[in-house]
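Enquirer: Protein chains in written order, with this note's numbering: chain A, 412 to 676; chain B, 2 to 151.
Please note that a few of the clues may not be correct.
Okay, derived cross-link-like pairs now, BS3-like style, lysine-lysine, Cα gap no bigger than 30 angstroms in a straight line [claimed, not checked]:
hint	chain 1	residue 1	chain 2	residue 2
1	A	556	A	453
2	B	110	B	89
3	B	5	A	453
4	A	457	B	5
5	A	415	A	556
6	B	84	B	110
7	A	556	B	5
Using C-beta positions, here's what the derived DEER-type ranges look like [said to hold, decoys possible]:
hint	chain 1	residue 1	chain 2	residue 2	range
8	A	611	B	72	20 to 26 angstroms
9	B	64	A	469	57 to 63 angstroms
10	B	9	A	545	58 to 64 angstroms
11	B	75	A	473	15 to 21 angstroms
12	B	5	A	670	56 to 62 angstroms
13	A	647	B	55	53 to 59 angstroms
14	B	64	A	473	38 to 44 angstroms
15	B	54	A	647	52 to 58 angstroms
Just a few of them, taken from the derived set where beta-carbon distance is under 10 angstroms, the chain A residues facing chain B [to be verified]:
hint	residue
16	556
17	599
18	658
Since the hints were made in silico from the structure, they are not lab data. C-beta atoms are modelled at their ideal positions from N, C-alpha and C, and glycine is treated no differently.
If you want the building blocks of each chain, they are given just below.
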Amino acid sequence: MMVKALVNRVRFIGNGMLNISAGVGRAAWFFIHVLSWGSGFKAPFKRLLQQVYQLGVLSLPIVLVAGLFVGMVLALQGYHILVGYGSQEAVGQMVALSLLREFGPVVTALLFAGRAGSALTAEIGLMKATEQLSAMEIMGVDPFKRIMAPRLWGGVITLPILTVMFSVLGIYGGAFVAVEVLGIYDGSYWANMQNSVEFNEDVVKGVVKSLVFAVVVTWLAIFHGWNATPTSQGISRATTATVVQASLAVLALDFILTAVMLGGF
Amino acid sequence: MTSKNLEISVGAFVLAGILALVVLALNVSGLSYRADDQSYYLFARFENLAGLSERAKISLSGVTIGRVVSITLDTEDYVAVVKMAIDKDVPLTTDTSASILTAGLLGEKYIGLSVGADDELLINADEIEDTQSSIVLEELIGQFLFSRSE
């Protein structure tokens, strides 16, 4: 009796590990398959445009408003810390560096996962549930090239652009609060910032971060849609999984990327 | 949405992204410096700048009236030559003095000006004769110890 319970426990754990391994394998296989959008240029390009519109242009309002407020809050918080050291002039440098290095890529990726990633999963999951994907295969159309690839590439193009816009809006929002509300000389705000921000070190590395986040978030989103159980409950579970896993992946990857970029390891 | 409108909105989105990158390059990381015509330029020679950097501010009675444009080394006298841009609406007399000061305990270095009583005004490309270098703490301690030991 005792032995049987133990064996069952080991079986259960082993089965779980096998399932996780199979999921990772399926996701990797899936990723390789969605990289290519097939032959030709014009028709796939049209589909890509459609996705850049869906994922990027329609995400603009939330990203821009969020950027503005994050920058304004950073300026306000930074000012109240720095004023204790009499170096409140450094608030521009603080706002710009924290936006370019961290807040820009990370917050935009989190917003993107919530706004665009969930929509992608739900869309593809519903296509699967209503058997549109199988219908395509029967017609000889590859759903990977037709449906998945434009979405992946659309996300990869879109997120870095959104990130850069987020940072710019944040820096100008911070400038507004620092200069107009807190009364810091605007020459000091910009001069301190320009002295400390390096284009290659800060701006480019932030964009590289957001490229990595873009691949991971869109990949997870379309994979969960494709992998969903074709029921309404399955789709809802897949959508939740996308947002949760993409957010956690972004935060964990951010730590790794930062450690590598700062050379701490 | 028609295909044309789709292309226009996506194009505008990508262009705005490129524009934002250009703003980051020029305005935030300061790859180039925008010249402003609202100022005139003065020179001042200092023996020791002690951390004064380009684009540092220049203040008069605590009010910022300009910034440091460039710093060069005069290889004849071995002194630093600072080029300053001063707001056009702030006239300075010829006996104005300039000194390098520190904002707060750990703050940035800036140039503080104090105006004299002369009637004549400095014009573009003039030099401020009366300058005082930054106080270097190590030198001050050295002087103190030296004077105590005598």
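Enquirer: Which hint numbers doesn't this structure obey?
Expert: 5, 9, 10, 11, 12, 16 and 18
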